[in-house]
Amino acid sequence: MKVENTQVQMRKGILEFCILEIISRGEVYASDMLEELTAAKMIVVEGTLYPLLTRLKNASLLDYSWVESTSGPPRKYYTLTVTGREFLDQLRDTWQELVESTDFIIQNKKAKQS
Amino acid sequence: MKKNISINLQGIIFHIEEDGYEQLSRYLASIRTYFSNYEGHEEIVADIELRIAEIFSARLSQGKQVISQEDVEYLIARMGNVTEFEVEEPVEEPTPNYNTGYAGSSTASAAYAAPGAKKLYRDINRKVISGVCAGIANYLNIDVVWIRLFFVLFLVLGVLSAGISAMAAVILYIVLWIAMPESIDLPDTNVKKLFRDPEDKKLAGVASGIGKYFGVDIAVVRILFLVSIFLGGFGIILYIVLWIAVPEAVTLTERMQMQGNPVTLAGIEQTLKDNLNMKDRDGNESTAAKIILLPIRLISQIINWMGKALGPVLGFLVALIRVAAGIFLLITSVGLTVGLFSAFFASMGLLDNSDMLQFGPFGSSVWLAGFPSFGLVAGLIVGLIPLLFLILLAIGLLAKRFYMRPTVGWSLFGVWVAALIVMIASIVSFTGNFRRTGELVTTKSIPAAGITTLDAYDLNTEFNDLYIDVREHNGTDIQVIQQIEAKGRDEADAKKNAAMITYRVVQQDSTLRFDNSYEFKKNASFRDQDLTIVLKLPKDKPFRITREFVYLLPSATFDQDYGYDKIVRNTWRAKGDMLECITCATDTLATDESERMSVGNFESDEFNNGETVLLDMNEYDNNTKSFNYTDFNYISIAGPYHVQIKQGNRHSITVRGSEKEIRRMEINKNGDELTIESEDNVINLFEDREPILIQITVPNLAKLALGGAIKADVIGIKTDELSLGLAGATKAAINVRARSIKADIAGASDTRFTGTADRFDLEAAGACKIDADELRANNVVVELTGASKADVYATKSLRADATGASRITYKGNPGSTQIDANGASKVTRQ
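The listed protein sequences correspond, in order, to chains A and B.
When we follow the numbering used here, the leftmost residue of the first sequence carries the number 1, and every step to the right adds one.
When we follow the numbering used here, the leftmost residue of the second sequence carries the number 1001, and every step to the right adds one.
Looking at chain A on its own, in the form it has when it is part of the complex (with noise of 0.2 Å):
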């Protein structure tokens, strides 16, 4: 069993998660979406996004418009449905739960040792 793999099934449930976060903060374009996640260190590589914004989309959580760039092709600016914004919610809920339940694993853990 490889830690990569592990590593990777964590980061992919809270990446979804981590896309309709910023996406709720109001119109976002996808490459602006890619610097933040980069930074984050969200993902490696950008072509993983797209497939996710894509699935997302026809999921009717995410909607998108065509915007005219100056300085170069036309942008795709996502918003989050109202769908989206259930889903959202409820992500949020979830990871609370996992932030406290993870949390409090770890403390017990932290409280035998001592």
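Be careful, since some hints might not be right.
As the list claims (entries may be wrong) - FRET-style restraints, in silico, Cβ to Cβ:
id: 1; chain 1: B; residue 1: GLY1396; chain 2: A; residue 2: ALA40; range: 48 to 56 Å
id: 2; chain 1: A; residue 1: ALA111; chain 2: B; residue 2: ARG1078; range: 42 to 50 Å
id: 3; chain 1: A; residue 1: SER60; chain 2: B; residue 2: LEU1060; range: 31 to 39 Å
id: 4; chain 1: A; residue 1: GLU35; chain 2: B; residue 2: THR1083; range: 21 to 29 Å
Simulated from the structure, these hints should not be mistaken for laboratory data.
Note that the structure is predicted; figures quoted are calculated from it, not measured.
All C-beta atoms in this analysis are idealised placements derived from N, C-alpha and C, irrespective of residue type, glycine included.
Got chain A sorted already, so can you dock chain B onto it with the hints?
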């Protein structure tokens, strides 16, 4: 110096160095393959192409205008290659709605792992209709375009094969649709694909795409298309089929798949150089290399030169054909549109009585009265929408662009279908107006005292299918009985429709003048009205009749064939259902003489109301030859001749035709039989011969046998017993008056009988057509086998026997009938 290639990424043009292009092309192909089993893979690839465009844009500046290989490498590092995607996202999570249709990712990867166990699926990812074609292509590992081509070709060929092949293709497709399970996980087969090339196109990019696919010069493909257009238009059909079946290369990846690795001379040169290591120590080409490469370079120079020379000529030719086709199509479709509109307005009654438009003999409003106007509007739309499409297509050809959005196109198609349904419904409802038949009979009585002449007035209408039946009666007045038959929704309606026509009989001094046809009243509608006039004349009262009036009489009204002159010269009286000549016995001017004199412009109208199967007399050769045979009453003719037989005082035989043809004839007399045969034993069907006319006059005809491709008019034969034998593809009009007629007909002959007989025996086999409803016979025996059709007229008794797929229709009111119809045969009363 480096060569640049310009590429188009989602609408933005980049110049890219050749080596960078190679790498980018491979990279995009790998990405495309990787995502091909994702839902919405087109969009993912498009998004990635957009991002690539963005990254490239950012790396260009005033000083740097070309994408280099380093830029491509930077891009790949940043975007990540396929193996990195796999690490990042090892297994594509199955989206919930696919769980039912497919057992999830594990099975999908298992399918990849075991390519040996390949199954036939419908490929949902690459579908156009239901993925049947794409699935088959995937299974056979070939480009889907060939499978689509197969189906489209069958559809198009349906036009030629009366829809059979189209039907077969549709059924096959539907069967496969049902039989093949669908799959979303079929991998992209890595084959070179045929696309239409949007970048180098004259019409739709078909030629360019083919050129790229086979690695041949586009000019060659275009020349082949142009040549094939002149070879029976095959190229046009092929072009349209490919236009439909082959997709346009939209994304960069598709454009790269389209290219493949063409076998070009430059490529061969490169391969040779690479493999033979032909460089000397200084990095220059060795002499040996130069010698080996010389022919290749020479040929490539020549081809280049030819391409430069022929290119503009070819471009001009293509443009010329395009513009010519566009103009032709435009003129035709606009013309048809104008025609359609005028037809529409005419049928709405807005242009009635105009001389511009004539629908048959009467105004269009008469034809279409009672046709629902929304049906007419629907008809207009049904015609107009395809024309609109044609006009747009024509403009598109001229402007090199087709202006119609798919949404507009489909809506128009929907409207067209709806209009078609409305039109058909209106036609169906309109035909209800012809369901029942009704008859209206009116009798008009005119005192006979002052009338001495019967005349007719020519109304100048074209539909003078009116006949007057003359009868003798015991009264002192003249009775004109009009019997009008018409169709209608019910009998009352039909009677009302019958009353829509008027017919006039006017008395003027001592002349009773009949119109030669009927007229429609105002606002009348055409309901298949049919008028018969029965004219009852007092017994023994003499009349004179004019030539115009004779036109209205059936030939059977006279007991023998008098010339018009003779009829007009003499006085007549009604006798039974005929006219009897009172003064003919003393008429010294011989009819035969005047007939003989008019042989030059012989018109058979004089004898049997225009019943002729022969050509106009002027069509025959002027060269004539007479034969002196006498004393025969049996005529037997075989060969491809036109024959005219009539009764006269003396025997005479005249043949009209070229010397050469007459020499080929063999005429013999054997006892009382005259035989005429062609020397050629084998009749050449395709030889376009001048027709030969044989004119025979006989005082009495007892037996007539015709065989082969004969056309014959038998005019005014009056005899006791006539025996007829017709075989082969004879076509005959026979006017006869006899006590007994016996006809034996076989083959594919078409015979029309007129006249009278006491007994008519008809036996026919094969695919004959016998029209004898104008041969009034007392006793009729008709026996048909095969697929023959006979109309007869029996007044006293009828015995009809039909087997096979024959049809007998009889007219009259025979007192005794004995009818026997076997198989698919039918005997009906008219």
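Each hint, compared with the structure:
1. The supplied range of 48 to 56 Å is met by GLY1396 (chain B) and ALA40 (chain A), whose beta-carbon atoms lie about 52 Å from each other.
2. Look at ALA111 (chain A) against ARG1078 (chain B): about 45 Å separates their beta carbons, and that is inside 42 to 50 Å.
3. About 37 Å separates the C-beta atoms of SER60 (chain A) and LEU1060 (chain B), a value consistent with the hinted range of 31 to 39 Å.
4. Under the hint 21 to 29 Å, the C-beta atoms of GLU35 (chain A) and THR1083 (chain B), about 24 Å apart, fit the expected range.
The structure is consistent with each of the numbered hints, conforming to all of them.
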